[in-house]
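Undergrad: Now for the letters of each chain:
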Amino acid sequence: MEKKYGVYICKGCGIGESLNVDKVIDSVVSNTRFAKDKIKTHGVLCSPEGIAMIREDIKNEGVNALNICACSQRAKYEEFDFPGCVMVRTNLREMVVWSQEPGNEQTGAIAADYVGMGIIKMQKAELPEPGILENLNKTILVIGGGTAGLTAALEASAAGYEVAIVEKEAVLGGMAIKNFKALPSEYPFKELQALPVLEKIKKAESNPKIKIFKSTTVEKIDGQPGLYDVTLKTPAGEEALKAGAIVLAAGYKPYDATKLGKLGYGLPNVVTSTEFEEIAKKGGIKRPLDGKPAKKVAFIQCAGSRDPEHLPYCSHTCCMGSLKQAKYVREADPEAVAMILYKDIRTPGQSELFYMNMQNDPGVMLTKGEVKQVTQGVGGNLMIEAENTLFGGSVKIEADMVVLATGIVPATAGPQAYLDGLAKAAGKGDAEKAKFIEETPKPQFILNLGYRQGPEIPSMEGAFGFADSNFLCFQYETRRTGIYAAGCVRQPMTEAEAEADAAGAAMKAIQCMEHVAKGIAVHPRAWDQTYPDPLMARCTSCKRCTEECPFGAIDEDAKGTPFYKINRCRRCGTCMGACPERIVSFKDFNVDLIGSMIKSVDIPEDGIRVIVLACENDAYPALDTVGIRRQQKLNPAIRVIPVRCLGSTNLVWVADAFSRGVDGLLLLGCKFGEDYQCHFVKGSELANYRFSKVQETLNRLQLEAERCQMMEVGIDDYNKLPEKINQFVKKIEDEIGPNPFKGF
Amino acid sequence: MSGTTILKPDLGFVNEVIRSGGESLKKCYQCATCSVVCNVTPEDKPFPRKEMLQAQWGLKDQLMKNPDIWLCHQCSDCTAYCPRGAKPGEVLGAIRKMSIKEFSAPGFMAKMVGQPKFLLVLFAIPVLLLLASGAGQTPAGPVAFGKPHGFLFSMYFIDPLFTAAALFALVSLGLGVRKYWKAMAADLPADQAAKINLGAAVKETVSEILAHRRFQKCETTKGRSTAHLLVFYSFIGLFITTILAFVKVILEPNTGYLAFLGHPVQIGESAITGLTVIFKIIGNASALALIAGIFLVMTNRFKNSKKAGVGSYYDWLFITIVAGLGITGLLAELLRISNIPAAYPTYVIHLCFVFFLFAYAPFSKMAHMFYRATAMVFARATGRG
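If you're matching them up, the sequences are chains A and B in order.
Residues 1 to 744 (this note's numbering) make up the first sequence, in order.
Residues 1001 to 1385 (this note's numbering) make up the second sequence, in order.
Extracted from the complex, chain B is given alone in its bound form (with noise of 0.2 Å):
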């Protein structure tokens, strides 16, 4: 910020910050604390302090286009250190939500998936495509799921469903993201514009990320990196399963998509068989991950609460898709290896939390980890670190 600045100060904004879960932003008196005790913020121009300043004054622009709301991991030192309550990690965390809100399209979701009162509407949405996809029976038989016209939904109707969902949800962070990129870029100088480097960046980023370097120099919340760092991999590996699951559906030989479109593929049947051994066995250990990290999350969130606050609805949310998801997708696998049949509608719930985190994903904290690596690559290719 060198030059002079316009101050554009607004109070709907500074409300809005209140009411996202940063009731406590008020009560700084910028001190600087926060910069001081943060261990993440580069030394230059230190976040949190003056981050607290601007959601003080209502400025929404200078914030959005901040790249440190988002190079903020919330470990809560400030939140521990700061003498006046005003809990810098939960106010970052409230205006890392509105800046979701901001570049995610379209606004009207982003804006349902903040509110609690508009839950039950985005599950409903869910949970009504299954039920109108069949979801409602419970078939004679073996307990199995996916058949091709079986007894639950047909999988022609599921699978485009779900890939519609996820490719909507990619088609809008995308954007978001371009957004976010093009607000953060705009006050850049040329000259600095034309020495970045984004392969560089990036691959440092992504390296940065894979070691989760940056988020294990939190104090006050030690331990929720090694928390992150499992239901971050978990993440990976349930990707890599669907990916293979969807390989395999698309290539078994009589019942595979290129066989429903007249396109059968030749391909032995210990091929399909080895697949799906992998991808059971990184998907199992993949969703035993998942739980485990996402328990200690929550238990993390409960044992900080004290010094680092117990966290907003937005973040609850996401713990709670999260754990749902694992939860159900491991109860409905049981249930159904034990041939019990309430596995059928374990595994619609299921769906839903599949669904829910798909579809939703660019208005809900799961966007962060697009916002989030997409600001500390700004950082990286523009020297802050």
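If we strip away everything but chain A, and leave its shape as in the complex, we get (with noise of 0.2 Å):
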């Protein structure tokens, strides 16, 4: 496509009084050598007579490359929409007028600056074409047929889509179809009420758009959102299925009781309470020993749970559920008594009334208390010793029947644990691997994914095992485009938690398949059509990129060469950033094109300029909320590109910015660890990651590592930013002094 380019400088919100135009696009045209006839302004660009100026630009001159010289890209971005053209937006708003003093020559010269590096990126950028597979397919595999499996399907089958639930139990229902009843769920919260899952089986079975297979596992799955090929192992055998998106809906067993001996687990009358259910199941509340009506029944919470030894996170529905097996306990006999043990109740939300209803029967009886032992009584009962009550201390409480109230494991904890150990015995050498495969049960996998980084969802730190996102904003992502996890395989929840929840992991499924269907990224940068397209003839497989990919994108032919399953990918640019070739590259977002904007910035002889590399998704808004608060000023030496994610950031900018002599670089990224806040997971941590190791580089140039830094900034730390690159910018004033390349 040949470029005809426009430069179009608003002069709005401030811009017209803050900056002298004229002088600005003087300096832009003897910098960047551009067209100065092709540079044009207008009062308010957003008005419908600047939309219709451009427009009819595009239409007369045919222009079809714009360098939009407004507001932040995060604003207007309905009014600036021009189908079929290159759009740069230049960021003279917030980042400029509204945040440094106005009327300053200084102040212009930023803007020349900013205005210069659009025109390098509009010159670079290419037109983004979507890339859409073949033979794409829209039905979604749901793997578990429980309430939150059933859920989903539901939900899938009533927005249109087509619909296939595996059950490796014979029956549907999951965990939710061994419960005696199900907890209230309307207001007052008072009663307990049938299964509300027999009534999912029954519209479930009888739908046309849901096939279901029970007593049936997944062999294996290959391809990509869109393109899943599926292997069932049925009863008749294996069966293929086409996929478009899953949603991951395994559940969870109950806490190995066994592990429970101290809280009296292998005792008669000492059951969990899953064994409880079925107990209420049959009729009164009869002990397992002897088949007498239990009067004294103890729930001891938590356990398991919020235990180090044993599970370190709450379970979450354990406190529910023995209120509500107290409720069977009362309403078999009212005269026995359920004493329930608790480390504190936990039951948020509505839980709270009915939790209140059942504290108000006077056969309900509660302490915290930390249980030390369960031993065995006379007669078959049993003895609770437990400390740190309510009662001040120590106590002794003698029941005829005791229910240890075991928490939830997912079932992607034992995959997740196998495999982890697995790497980590293959860390240390082929026999540790081969030793530790010969003496680790292997648990039974879930996905069989065949991706080259694994065949489950990876295990992440303060996860637990479970396949969550760790991350509000994504809740039901899973790090595999395409999987969405759902109910208590994510997170330990109620059943009508696991509905919400299914509901909104369907949600999140139809959204990928209809993304990838217009060749849109799925999320969280839906509305990009752009993707990763390596320069394969230089590729060295050195598989840098397939290890590092947050995602598990890209895949290995036999020879270990690198190939995307573009599908997967999230367009974060990871791949790109840590690509030593420096092969990837985005239509609009490449190694040179980001490199040139940085070569593009004025360089003053006498005073320091510091190149900031910001994450567009918090550290860009935090600046901008700087500008649009307008309380505090940025730092007049620095120069700020959004870039996708810092895991984009390559290693080549670093020598880019320092051979041109920028005196410093400053790396804005979110928050990394336990608690990230990367939009792409490992992002972040990984720029930090190759920083680390940048700044060896760095001293072998004799240029002090100091230079470069990294910062974690949250979208909420507008208000300490500033002072924070002040902070970095006097130290490199003060200490560190001019770059010594500069002017070279």
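Among the hints, a few may not be true.
[Said to hold, decoys possible] Here are the simulated SDA-like pairs of lysine to any residue, each with C-alpha atoms no more than 20 Å apart in a straight line:
no. : chain 1 : residue 1 : chain 2 : residue 2
1   : B       : Lys1027   : A       : Thr367
2   : A       : Lys372    : B       : Thr1005
3   : A       : Lys368    : B       : Lys1045
It should be emphasised that the hints constitute simulated quantities derived from the structure, not laboratory data.
Hints given; two lone chains; assemble the complex.
TA: Below, the structure is given as structure tokens:
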């Protein structure tokens, strides 16, 4: 495509008052040698007249590459929408006139730099074309036929999509169907109800859009969103299935009570909450040992949960579960008492009402306490010893039956632990790996993905084996695009919560398939038509991209050469940042383009210039907010370039900057670690890792490592950010001094 | 509660607390706001949080031997601040009622006093006794009470009857208090039991009660201590009045008991008149104070009912008896002075109230003064404040 350029400078929102726009244009022209007649100004560019002016140029002059120099790219994107044109937004409003001294010559220079960088980008960028793969499928594979899986299937079918449910048991209903009764779901949250999952099973089984595979597991999943090739292992043999997206609703298992001998498991009349449901189902509450009706039933909460030796997390459902079971006890025999020993009663939201109703029952007795042990008493009774109780010390309680409220272990925990153990052993050598494989029983895998990065959802620090993104904004998204987790495999949750969760996951699965069909990124860059397009001729098969991609989007062929499964890609550019050969590029974002922008910045002879590479997701909005609030100024020495993710930062840009004479390089990215905020999970962490290496290189070049710094910035750090930047600039001014390469 | 306590949950007891005026018991979720806002509790192991828990689990033994249930003066600060509406003040009131029932013999009487359905029976006893002594008649002549063989009833029948009722009450209370003390002291380590200085504890407790120092720490129901102080001192005044009147009927030269028994005492008419004047002044002043005090008690209860709860049947029975006693007493006196024959039935009603107060004292809320004083002495003696 032959490009015809147009630069449009808006004078509204204070830009015209703060800047001498004519002088800015002169500087731009002298810096970039860009044709002055292609630069136009307008009083209010986003007004119908301003937009009409641009439209006319597109129509009459054939302009097809635009640099709109007005507000932030995060504003007015509906007004500045010109399909078919390369679009560049230069942020003069928030980043310059609202955050710099007005009328100042320096402010004009800053504006000229930004307009110049925008021109470079406009010249280098190409028009994106959506990459749409062929033969896309829009069936949703739901793994797990419990409350979450059934809900996801019903929601997806209601939205018009075909669904296949795979359930490993012979019956649908998951853990929910094992219950005697279900918790109340309506005001006044007092009476238990019949199992809602029964109704769901009925609906799913009679729904022509839902295909159900019972006693079936997933043998293999290959491919990518829109193009999954699924192999099922059914009782009748293997069966192939095509799918467009996957809802992972594999649920949980109760914590293994045999590890809770201290709490009496193994003694007669000590049962888990799951076993207690079975007892209640048989009618009456009868002791397993002798069939006598239970008169004093003790419930021990957090049996294995919130315990560093067992499950470190709260299993969330056991408080309500035991209150429900206390009601079984009380309804079976009004003379019987239910005693609940808890760490804390956690009944959030509406659950509180049920808790209050149960607490109001005289036969439900509650105390906080840490149960030390449960021992055999007389006549099949049990003696519970608890410390730090509300009674002011240790107590002993006799019960004729004890129920352990065992916690939730996600179905993904076993495979994750096995794979992590395997990777660790493999790191120690082949012998260790072989030993691990021989000695460790292999748990049943769920997904069996044919991915370079492993067959299951990878484990994550702080997620304790759950298939959770661990990230509030993207709750159903796993680190495998197209696979959405719902229900207790994602987080411990009640049936009602699992229903809401499953509906959300089903909607994400639909979004995924529809975006893939349009050739745009699934999420979070849900508008993005670009995709990584590597120049494979120069690939050295170093595998850095395949290893670092946070989403496992890149597989390897038999020779070890990477190839993209583009529908799995989230367009963060981590591969672009990782590639030492710099062969990965997007149409509007690549190593050369950003490098050229850095090199286009004017370097003052006697002053400090700092390049800031800011993450578009958090850091850049925080900088915008500094402008919007207009209470603080940004340091005039900085020039900010937004990047998709810090993970996309290629080390060559460091060389580009410092060889050009830039005095400092600041990287603003998201928080990483257990409570990470990175929209691409690992991007900022990888950037941090890479930059820890680059500092050695700087030292070798006789440049101080401190010239290059990474800061973790949250979107709400806008009030601290200007000062942090000032400190960095001041350190370079006062302590490190100007770049010795300046002027070469 | 050091060491390991063995809990014996008792659903029956829980239900009894609930029935006895503690219907909000189960709302407590043990946040301990009550113990934090209470101005009366000792800082170590404060009440009423732990009592609420003990009651929720039906731990009768622990509650019954606990001095703290009586250290509570039901200021209702706890009730006012309770985030769950569990009304700890009312619950402890119910527990105190059960404590009285537990320790006062015979038990069936406590049960009767505690339940509205027996109210008529309880009143029927003095009514029948008084009617049997001739209270139904209205004698001719100027209205006068208490003639030895008068009109209304024989003094020689009424006085011993009431004296017997009072003695019964005192014995029953004495036994009850002793049982309570033993229960409290049972868990006391031997070295601590040996250290008890009962004399000093009694002295301090009496001085505290006379000044109502603890009561004055109440915030939510400020003003209750003044009302209670009035009732308290009026009772003392009426007690003195009764004693002096009794002295008079013993000593009177012609009609006194000693004369009746054939051992008349030589005593001047003026001495008897002087004695009469003194106890009449004390008696009338006390009666006025009693009526004023009990009126304040009632208005306080209504005023604070939103924050503190309106109280149980047990509370109101006692308040009603006291109010009835004061009002009928004063009314009977006024009618008598005015020489209106309605004075007689009024006086009979008054005597019914007196009987109720005396004879049922070990089982009604009247007993609170004995049990609370005992608990306060025990607490002081054992360093609980």
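Undergrad: Indicate, hint by hint, whether the structure satisfies it.
TA: Each hint tested on the structure:
1. Lys1027(B) <-> Thr367(A): holds (14 Å)
2. Lys372(A) <-> Thr1005(B): The given pair, whose Cα atoms are some 14 Å apart, holds under the 20 Å limit.
3. Lys368(A) <-> Lys1045(B): Roughly 17 Å separates the two Cα atoms, so the pair holds.
This entry satisfies every hint, going by the numbered hints stated previously.
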